[in-house]
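**Student:** My request is simple: use the sequences and hints to build the entire structure.
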Amino acid sequence: MYLAGIDLGGTAIKAGLVDENLKLVCKTSVPTGVGRPYQEIVFAMAQAVLSAAREKGISPDEIASVGIGIPGVAPKGIAIAINMYWHGIPLEAEMRKHLDVPVYIDNDATVAAVYEYHLGALAGCSVGVLLTLGTGIGGGIVINGKPFSGAHGLGSELGHMPIVHNGIQCTCGNKGCLEVYASASALIAMGRRCVIEQPKSMLHHLTGGDYLKVTPKMIFDCAKEGDRIALSIVEEYVDKLKLGICAIENALDPDVIAIGGGISGAGEFLLDRIIRASEGVGIFNGQKYADIRLAVSGNDAGVIGAAMLGLS
Numbered sequence: 687m688y689l690a691g692i693d694l695g696g697t698a699i700k701a702g703l704v705d706e707n708l709k710l711v712c713k714t715s716v717p718t719g720v721g722r723p724y725q726e727i728v729f730a731m732a733q734a735v736l737s738a739a740r741e742k743g744i745s746p747d748e749i750a751s752v753g754i755g756i757p758g759v760a761p762k763g764i765a766i767a768i769n770m771y772w773h774g775i776p777l778e779a780e781m782r783k784h785l786d787v788p789v790y791i792d793n794d795a796t797v798a799a800v801y802e803y804h805l806g807a808l809a810g811c812s813v814g815v816l817l818t819l820g821t822g823i824g825g826g827i828v829i830n831g832k833p834f835s836g837a838h839g840l841g842s843e844l845g846h847m848p849i850v851h852n853g854i855q856c857t858c859g860n861k862g863c864l865e866v867y868a869s870a871s872a873l874i875a876m877g878r879r880c881v882i883e884q885p886k887s888m889l890h891h892l893t894g895g896d897y898l899k900v901t902p903k904m905i906f907d908c909a910k911e912g913d914r915i916a917l918s919i920v921e922e923y924v925d926k927l928k929l930g931i932c933a934i935e936n937a938l939d940p941d942v943i944a945i946g947g948g949i950s951g952a953g954e955f956l957l958d959r960i961i962r963a964s965e966g967v968g969i970f971n972g973q974k975y976a977d978i979r980l981a982v983s984g985n986d987a988g989v990i991g992a993a994m995l996g997l998s
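For the record, in the sequence shown the residue sitting at position 77 is 763 according to the numbering used here, with numbers rising by one throughout.
Honestly, the hints are just simulated from the structure, not real lab data. Some clues are possibly wrong.
With a cut-off of at most 25 angstroms between alpha-carbon atoms, the simulated BS3-like pairs for lysine-lysine come out as follows [unchecked claim]:
hint, residue 1, residue 2
1, Lys903, Lys886
2, Lys832, Lys926
3, Lys886, Lys861
4, Lys709, Lys832
5, Lys713, Lys742
6, Lys762, Lys742
7, Lys926, Lys910
8, Lys762, Lys832
9, Lys762, Lys783
**Tutor:** Spelled out as structure tokens, the structure:
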């Protein structure tokens, strides 16, 4: 038997099948087509699974379950995904019209945390947390091998923990969220200010003064070269991120906090600074808190992690 996984994104639907050894045996990808009727998108998701299965000679009867990672939440199978324009979509019931097997749905960051638990940085944890640092900040929590999203399926939104009172407006409607200060978008905004305000900086030189060319990689590369201004940007970024890590440690006391998402591409250069900044932030000074590691998620982690929802 095989477990089907679907990684639903704003651009593409990625789908595949995982065998009993948690190995991805087939996969495919089709455009999402955000904005069209949800029934069409769900049909495309189901067809992607069946198409991948056919190419490998796998019968639909050999599919034991379908797991779906979405850019939102799905309490009781009802999907809420703002960027998909989904508000109360009966995703589980709609999928079962096409694939009559158990359907499991969770937030895409939670799905990534499930992957990390089985095959990555959270392996063996009793309590593991994944922070995905990308355009926004996602959070996934795994407790005793099971994904945790709270009593109502609305939790683990770690990017929306407030860290600054009455701070910068967040897209969620609140102010001062971690995401506003420690996402890739926040880092880019800091770099752009540097280009505008610091004409002698390395960033200004590399961009030719065009602040729209700033990328996180460019900032980290300048910092690695020892550029004082770029280093100060990285330090400010890490200083905000540690506030989120402090809140996670005090609330959950995890074994491991894994750092994923595009920002994690800065590797040990960033990780070392996060670890140093986070030392002693827990309220019980001198006690052992979480190990902080880089996530290992690859390109297929969304599909494989979604399929793994069927294990629980």
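**Student:** Hint by hint, note whether the structure agrees.
**Tutor:** How the hints compare with the structure:
no. : hint               : result
1   : Lys903 with Lys886 : 19 angstroms, holds
2   : Lys832 with Lys926 : 29 angstroms, violated
3   : Lys886 with Lys861 : 33 angstroms, violated
4   : Lys709 with Lys832 : 19 angstroms, holds
5   : Lys713 with Lys742 : 9 angstroms, holds
6   : Lys762 with Lys742 : 32 angstroms, violated
7   : Lys926 with Lys910 : 20 angstroms, holds
8   : Lys762 with Lys832 : 16 angstroms, holds
9   : Lys762 with Lys783 : 17 angstroms, holds
The structure fails to meet hints 2, 3, 6 from the earlier list, while all remaining hints are met.
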